[in-house]
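Keeping their order, the protein sequence lines are chains A and B.
Here our numbering = 1-based position in the first sequence + 2.
Here our numbering = 1-based position in the second sequence + 1444.
By construction, these hints were calculated from the structure, which means they are not laboratory data.
Note that CB positions come from ideal geometry on N, CA and C, so glycine has one too.
A portion of the hints provided could be inaccurate.
[Stated by the list, open to error] Some but not every residue of chain A turned toward chain B, in silico, with C-beta under 8 Å:
(1) Tyr17
(2) Tyr109
(3) Ser112
Here's the letter readout for the chains.
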Amino acid sequence: MADDALIIESLRKTYAGGTEALKGISLTVPRGDFFALLGPNGAGKSTLIGIATGLVTKSGGRLVVDGIDADDAPERARRHVGVVPQGLNIDWFGKVLDTVVNQAGYYGISRAQALPRAKKLLTDLGLGDKMHVTARELSGGMQRRLMIARALIHEPTILFLDEPTAGVDVELRRGMWEYLRTLTKDGVTILLTTHYLEEAEQLAGHVAIINKGTIIEQGRMAEVLAKLSTEDLILEVEAPAVGGAIAALAGFRPLAAEGGVQITLDGSRNVTDAVKALDAKGIAVRTARSKSGRLEELFLRLTQDTK
Amino acid sequence: MDAKGILISWYTVVRKDVVRMLRIWPQTFLPAAVTSALNFVIFGAFIGSRVGEIEGVPYIMFIVPGIVMLSVVMNAYSNAAFAMFSSKFFNRNIDELLVSPTPPWVIVAGFVTGGVIRGVLTGIIVLLVALFFTHILIHNLFVILAFLILTSILFSLAGLANGVYAKSIDGINIVPTFILTPLVYLGGIFYSTQALPGVWAAVTKADPIFYVINGFRWGFLGTADIPLWESFLVLGALAAVFFGLTWYLLSTGLGLKQ
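Kindly generate the complete structure, drawing on both the sequences and the hints.
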């Protein structure tokens, strides 16, 4: 079995109108990894997933899925892949159980074999009591979970999730994270695109940032985050009225509305230095928090650099 | 995919389509019964009683095969066209199939089988309606069934090609309204081409529906304007061409993939 679940080499896509969505990107997703593919709208994330799942035809490049070259054996490669697309693409009038069992049929799995598997999946995803209702009767979050069940029915080794938690409430989103974590523990490789960067930071072992059809950063999540040399921190202080004293400190910016102070941490100053400086002015620090997530910070910097 | 897997995959496509057509039976089967009853009343009972006999049989008996085929052609065509178009345009669930290892020819076979089931069932319904107006002669049951199935296959394939390629709902309504309906009416439902002047008889021979109706009519009455083999040959050749076209569309993803 190949060590890498997905190898993408020099993948290119130019749409009929001339839009160059992917400009020869290369990417390797290790087996069993939770891989986050991040990028602003129109960066090429969905195009990449579309090509990997056979929904978009590539203009050039190579794709190897689980050791199978997708050009040489496209049908065999597809057997290893499951996909939850960004848009809801379910038969609204089909029953929930039928939607999942039919998908198994397209993979040559008999109804007798698929039924218990589908029931277990739907139960695991919290849809056990909705099996016999139509898809249109489900809430948005339930429809998303139905699409996950449908994508998993043929037991793929690689699962592509294109913004699976878009529009899903916080509680449900966290439930879905837990479920996805159990999948990776069971050996399923997941490639996730999301606009919730906190989600990617929490779940992913590796990350790639794509912008305008080019990968601008990729690697282990910890290593990529380590490249973030500065971080903005907000300190909530005990004496918010001492704005003048704070302003006198170099690099400290009083935040009147929040009753705190914003500082930028870099190689020359860490949190301890900042707290000590405030303490010297008689200002006690109550709490400290990041102004934005570290990944969010990095994402914004990288994508703005390439604008 | 092995043979068993292919069979399961084909059955799944067919089952899904049959469930859909049965779920909306007032839209799929009822209109054929109502329209054919009107045709039999107006052209068979009212006008037919004044026309008398044509080719040795009462006029209403002469038009039964044509009216059955009118429904078969329209239903087989629109079933495949709409099933494909709605799954690619309205909810995009054609992706379920496109991401799977189901080979393109199996997808074609599945959609066409759905169209054949609807075409044949509609044909049977119209024949049952006809029994309220006339009795039906059966000259050769095998030929009747063969033309029923071959016609359904041909027009399901044509409908599927239309459904794959259509970019809007108008795209699948234009062909039945402006191409199929005139071809059906000019194909000899209500008359024998032997009664037409030479030029028009020759023009009619360019209409594929002419071969459908003549072959089918031969199965009932034992008479036709052209030899039976000619009808089989033309329909068989057209079915092969349309299979090639739909297989090509599904294989390359033209009209389906970006």
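| request: Kindly indicate which numbered hints from before are broken by the structure, ordering the numbers from low to high. | output: none
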